[in-house]
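*Asks:* Taken in sequence, the protein lines are chains A and B.
Taking the numbering used here, the leading residue of the first sequence gets 1, the next gets one more, and so forth.
Taking the numbering used here, the leading residue of the second sequence gets 300, the next gets one more, and so forth.
Note that these hints are calculated values from the structure, not bench results.
Be a bit skeptical, because a hint or two may be false.
Simulated DEER-style distance windows between Cβ atoms [to be verified]:
id, chain 1, residue 1, chain 2, residue 2, range
1, A, Pro-178, B, Asp-707, 23 to 31 Å
2, A, Gln-13, B, Glu-320, 18 to 26 Å
3, A, Gln-13, B, Glu-385, 39 to 47 Å
4, B, Arg-710, A, Arg-181, 43 to 51 Å
Which residues of chain A face chain B? A partial, calculated answer using Cβ under 8 Å [claimed, not checked]:
id, residue
5, Ala-90
6, Tyr-168
7, Met-175
8, Tyr-177
9, Glu-186
Since we're looking at a predicted model, the values are computed, not measured.
Cβ coordinates follow ideal geometry from the N, Cα and C atoms, glycine included.
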Amino acid sequence: MTTKLSALRRDPQARLGLVFAGSVLAMALLGPAIAPQSPLALVGPTYGLPGDPGALLGYDYLGRDVLSRLLAGGRSVLWMSFAASAIALALGAVIGIAAGLSKRWIDHAVVWGTDVLLAFPDLILVLLVVSMLGREPWLIVLTVAVSFVPGVIRLARGVTLGVVSQEYVEAARLMGYPWWRVVLLEILPNIATPLLVHLGIMLTWAVGVLSGLSFLGYGVAPPAADWGLMINENRAGLMIQPWAVLAPVAMIGLFALGTNLLAESISRAGSRIGVRRGVKSRARTQMRGKKRRQRENQA
Amino acid sequence: MSVVPFVNALLQVRDLSVAIEDGPEIVGEVSFSVLPGEIVGVVGESGCGKTSIATALLGDSRAGAVISGGSVFLDGRDILALTEAERQKVRGAVISHVAQDPALALNPMRRIGSLLAEVLRVHLPDLGKPAREARIAEAAADVGLPATREFLRRFPHQLSGGQQQRVLLALAVLLRPRLIVLDEPTTALDVTTQARVLATLRDLCRTRGIGAVYVSHDLAVVRELVDRVVVLYAGHIVESGGRDQIFESPAHPYTRGLLDAVPDIAGRHAVRPIRGHAPALQDRPDGCRFAPRCALASASCAQRPGLRETGRDFGDRRLVACHHPIRDRRDDTPIASRLISAAAVQPLAVLEGVSASYGDSQVLFDVGLELPKGYCTALVGESGSGKTTFSRALVGAVEDVEGTFDYDGRRVRLSGERDIDLRRRIQYIFQNPFRALNPRQTVGQILRTAALHFFPIRSADADREVAEVLERVALAPELARRYPRDLSGGERQRVAIARALICKPELLICDEITSALDVSVQAAIIDLLRQLQRESGLTILFVTHDLGVVRAVADFVAVLQHGRIVEHGPADRLLDRPEHPYTRAPIADSPRLRATAG
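Work out the full structure, taking the sequences as your base and the hints as a guide.
*Replies:* This is the structure we're talking about:
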């Protein structure tokens, strides 16, 4: 584990991802405390341009301070996306591992079920549930999580099948170790990396889905501050006061990029584990170096 | 080190070196030559640079590697100095290559006939269709394939492994090249098919005067086939000379060690491992590369020994790179097999009427076998004969199985749940050491878990048990803190054996446990098993397809064919005087390391 963490720390891409995602996260968490104005107070002209010393990003369609709304509007989307991804990961991993370990027909049934669910578009499902049952945050979180679960199941099942066929799992079974021990000690540590990577990707998706919901008017109810909602509210004045739209877009984009970069570098650090740094991988690295030099020379 | 060229040599390799781009050398200062009609064996363990040399002879190198120096003269032309276009003309026409795994080397979507015709169409575009067909028929006849229209319309997957390898050979001889480079062409074949392919190859070289470079790790095959041998270790030639000289009185300690390490079907000899393992590419020592593993190493070995001539008989040059070449003949006295007295043989496990199937296909048919207490029984058979299924049935890992199993006087069910005591007493060791250990647990954790599972002991006692068992399998106690990825293949297999031993088993089932390892490491594992058997009277069921290993470890042998036991008896009797025709063929076809011992 330590070698992996240190490899991750040395990876410039992981650092960049951490900085991006971390700064957005920090802003969303600390933002409400340092916001210069109340996010709901009408303090300036409608679509007022930045220029006032008090309003770095100008004012929105009702004359509220965009910076303050931006600082206050991240919490909901971030906690909801984290919660949704974590629930989906836990639920999907349990079902997926169980499917990978169980008899053939149960496994097939689970796979068919996930296929049916995957065929149904995420956003439509969430919209359907929200418009039927209401827009409570916990309900939205749960619905988003449910829409993500099939993907996690498929992934967890696939990697579990790969690990179960390994002889160390069979050795543990032949020894007569209890099943929970086989799952916790032999299987889970060996499928953790792809699942972690998937968590990062799901975070990105969740931020997208949740912002999309707010934009469509099914997420956080106005007048509360929320990045997706801010985009929707202010899009009519995009030509007059672009900052009111661009600022929340930038935050969502930055967070998505950060988590994505992190997920990718985790997967790369993970795949390096178990590979001996021998002739082949070194040769490959050097090949890459050579190709890069060639490209640079051509450029 | 320059080599006086043979005037009439077909291939002359001079100071060839292949390196990782801006990195360490893979092979260096390789010089040898091949005469027309001669087969030269290039021998070495995995990672010594055999394949790099084989591809360099055709002027090619693997991705990331470059040919960094030297010359390859073929018929007086330096292949390495040619342009890529010229080289492509030479390949196939003058020098050709036969790859290791025929299943991977043939395009699965092309018919055999079109594969063969393509070579002719590219190299000899002027040839008309009838002439092409005549050439294909000729090449097919050369390698013993039917050239019927029906056969040429087949796809590679419709052929057997031996036929696929013959197709590769036919592709190689189609343009009547002067030299063929063969890179372990028979590793994927069973012994009988291997013997036929080798005989074909030998005839081709003799009758057509084709030279061949045969790259292999299998010393027995090399002895049967080649005229001269080049022995590689860690990228350098350590010894070269005529076949008989090398096999009878090897001068380099490594060659000698390698020969001592190979178990031989021809007779039971002490199998002596070489200590340590071959250095990784970046850790190769500056001086003599074998010095860290050599029993004769002295201060002078810090200096790299050059390849020197040590003697010449019958015109064969004999070169050795060693400061302390050994001059006497190889000590090769067979050791006596263990005497088996009928009174002492008591069965630990008796199986009767074992039938097993996977789904609709039945794998085992009414198999009966006794495992005598304290002896090693080898279960032999080709792939698909059901030997792994049988051994897995013993540990209760096969679901669909019938039959009776009496273990140490009590009746045990073959399928279904087993009590913890029985699970402890019968231990199973897997074939592939790279997959048998959890990569996320340290060696210590793996062993402790097993000890704590079977015995009501405290954690501190478990640690002591771990240290003890590591000592028994000759591993350093520090290894307990390492992860499996830090260990070599041989070390991992020792850990797997240690995991079985820490349970204090009575019956050890070893499923091809040496087949993934190099010869010198295999010898160490065989040595360890024998020693364990002597010390603690373990009963062992050793599953293998390698008859040489059988000779080295087994007291009894059972031969399995298509799920039925066709012959069973003491190892020496069965290997020297096999009765069943199915047993006789592979025993006769197995390449031998020594002139047959009766």
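*Asks:* Each hint should be assessed against the structure and marked as holding or not.
*Replies:* Right, here's what the structure says about each hint:
For Pro-178 (chain A) and Asp-707 (chain B), the Cβ-Cβ distance of about 26 Å falls inside the hinted range of 23 to 31 Å, so the restraint holds. Between Gln-13 (chain A) and Glu-320 (chain B) the Cβ separation comes to about 25 Å, which falls inside the hinted range of 18 to 26 Å. Distance hint check for Gln-13 (chain A) and Glu-385 (chain B): the Cβ-Cβ separation is about 44 Å, which falls inside the suggested range of 39 to 47 Å. For Arg-710 (chain B) paired with Arg-181 (chain A), a C-beta distance near 29 Å fails the hint of 43 to 51 Å.
Taking 8 Å as the C-beta cut-off, the interface hint given for Ala-90 (chain A) is violated, the closest approach to chain B being about 20 Å. For the restraint placing Tyr-168 (chain A) at the interface with chain B, the shortest Cβ-Cβ distance is roughly 4 Å, inside the 8 Å limit, so the hint holds. Proximity of Met-175 (chain A) to chain B holds as hinted, the smallest CB-CB distance being about 6 Å (cut-off 8 Å). Proximity of Tyr-177 (chain A) to chain B holds as hinted, the smallest CB-CB distance being about 6 Å (cut-off 8 Å).
Taking 8 Å as the C-beta contact cut-off toward chain B, the hint placing Glu-186 (chain A) at the interface holds, the least distance being around 6 Å.
When the structure is compared with the earlier hints, violations turn up for hints 4 and 5 and for no others.
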